[in-house]
Amino acid sequence: DAGVIQSPRHEVTEMGQEVTLRCKPISGHNSLFWYRQTMMRGLELLIYFNNNVPIDDSGMPEDRFSAKMPNASFSTLKIQPSEPRDSAVYFCASSLVPGWGLETQYFGPGTRLLVL
Amino acid sequence: DAKTTQPPSMDCAEGRAANLPCNHSTISGNEYVYWYRQIHSQGPQYIIHGLKNNETNEMASLIITEDRKSSTLILPHATLRDTAVYYCIVPASGNTGKLIFGQGTTLQVKP
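Protein sequences, first through last, are from chains A and B.
Those letters in the first sequence? Residues 1 to 116, by our numbering.
Those letters in the second sequence? Residues 1 to 111, by our numbering.
Hints were generated in silico from the structure; no laboratory data involved.
Careful: at least some of the hints might be erroneous.
A short, non-exhaustive set of chain A residues, derived as facing chain B with CB atoms under 10 Å [to be verified]: (1) 33; (2) 44; (3) 56; (4) 110.
Keep in mind it's a predicted model, so treat the numbers as computed, not measured.
Every residue, glycine too, gets a C-beta built ideally from N, C-alpha and C.
With the hints as constraints, model all of the structure from the sequences given.
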């Protein structure tokens with residue numbers, strides 16, 4: 001089975017440009033998560049969706065960040081405009097939440113973003 | 001989420017058992033303990049989880065104390081490929097799927 005797929009794997013852009021990160025969750029999973037990882041702040045949850053609906057976006061840093069999940073097999077995380085401090089590794093993860101406490105997440109390989 | 005406390009780093013000799021401790025003294029009776037790891041330059045990887053009974057899978061064993069205030073992840077025969085950051089997580093109760101990653105324990109397996 002294919003795992004979580006993220007694209008692009010690497011992105012280098014200039015400050016002020018729009019950046020779109022993409023994620024395809026594992027087929028059949030009903031929850032999707034976007035994380036950001038930096039040396040300073042570690043692994044941070046940005047937003048997560050349950051059945052394509054955003055449940056908690058309290059981790060989204062500011063209005064420059066937006067995430068969508070138009071269907072069960074695709075999600076995007078957009079940064080507009082990008083800034084150098086957005087440089088990080090962005091991970092997407094998916095899980096199937098059939099019941100209370102059963103939260104096993106499968107992570108993608110990440111997108112390494114560098115904003116110059 | 002219940003707060004977890006882990007040592008920042010540990011060493012283990014290749015081929016020996018690696019025992020990684022975690023304290024979660026504020027855990028509620030219906031909250032699970034999850035373990036993930038992150039190998040350098042990769043995404044986090046699920047290892048194992050448990051509620052109150054000891055659990056074992058192909059990757060590791062999880063020993064949870066009777067009072068549930070602490071647990072130990074055991075890698076029975078550590079290899080160099082087990083060098084990673086190991087995270088002990090107690091998710092918020094409820095059907096959310098939300099995990100909060102702390103600083104974890106950096107395990108260095110040495111030849």
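Evaluated hints:
1. 33: This hint holds: residue 33(A) lies near chain B, its Cβ roughly 7 Å from the closest one there, short of 10 Å.
2. 44: holds, 8 Å
3. 56: holds, 7 Å
4. 110: At about 5 Å, which falls below the 10 Å cut-off, the nearest Cβ of chain B leaves the hint on residue 110(A) intact, so it holds.
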